[in-house]
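> Sequence:
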Amino acid sequence: VQLQASGGGLVQAGGSLILSCVVSGSILSANDMGWFRLNPGKQRELVASISGGGITAYSDAVKGRFTISGDNAKNTVYLKMTNVKPEDAAVYHCSFIDLKSGRPYGYWGQGTLVTVSS
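Numbered per my numbering, the sequence shown finishes at 107, counting up by one with no gaps.
Hints are computed from structural coordinates only; laboratory data are not their basis. Please note that the accuracy of each hint is not assured.
Listed next, with one range per pair, are the computed distances between beta-carbon atoms [as the list claims (entries may be wrong)]:
no.	residue 1	residue 2	range
1	A62	T104	29 to 35 angstroms
2	T71	R33	21 to 27 angstroms
3	N28	G95	20 to 26 angstroms
4	I7	I44	19 to 25 angstroms
5	N61	A2	29 to 35 angstroms
6	G4	D87	30 to 36 angstroms
7	G4	D49	19 to 25 angstroms
8	T56	V11	14 to 20 angstroms
9	G4	G42	29 to 35 angstroms
10	V(-10)	D49	29 to 35 angstroms
11	Q99	G30	18 to 24 angstroms
12	V11	T104	20 to 26 angstroms
13	I7	A46	15 to 21 angstroms
Just so you know, even glycine gets a beta-carbon here, dropped at the ideal spot from N, CA and C.
Starting from the given sequences, assemble the full structure and let the hints guide the process.
Here it is in structure tokens:
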């Protein structure tokens, strides 16, 4: 099983970006998925999750600005980022997630870097 995150890049504060995560070797609809972000010196942060049934949840930091969605036909999870803030800059990873604990499990790929210019 592999998860390939992409779509990161440089975005201006207030701008938008869409991250993608292609799931290989497993069926998206059978899994709960999450987007996490990492910054040097900070703890891993769960920003959004989506259950196999399509129920979504967000951290307070991104609620109202980010949207997580899944395309079962493409086996892909997306994270649409709008009104991006400088504090959103991080390496973003997608992962399978244990919704009860909020912890990722399984494959942990390289992630995709989001840089925000102010």
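> Hints first: check each against the structure and report whether it holds.
The hints, checked one at a time:
1. A62 with T104: 29 to 35 angstroms: 31 angstroms, holds
2. T71 with R33: 21 to 27 angstroms: 23 angstroms, holds
3. N28 with G95: 20 to 26 angstroms: 22 angstroms, holds
4. I7 with I44: 19 to 25 angstroms: Holds - the Cβ-Cβ distance for I7 and I44, about 21 angstroms, lies within 19 to 25 angstroms.
5. N61 with A2: 29 to 35 angstroms: 33 angstroms, holds
6. G4 with D87: 30 to 36 angstroms: Since the Cβ atoms of G4 and D87 sit about 32 angstroms apart, the hinted range of 30 to 36 angstroms holds.
7. G4 with D49: 19 to 25 angstroms: 21 angstroms, holds
8. T56 with V11: 14 to 20 angstroms: Cβ of T56 to Cβ of V11: about 18 angstroms, so the range 14 to 20 angstroms holds.
9. G4 with G42: 29 to 35 angstroms: 31 angstroms, holds
10. V(-10) with D49: 29 to 35 angstroms: Because 30 angstroms falls inside the window, the suggested range holds.
11. Q99 with G30: 18 to 24 angstroms: 19 angstroms, holds
12. V11 with T104: 20 to 26 angstroms: 22 angstroms, holds
13. I7 with A46: 15 to 21 angstroms: 19 angstroms, holds
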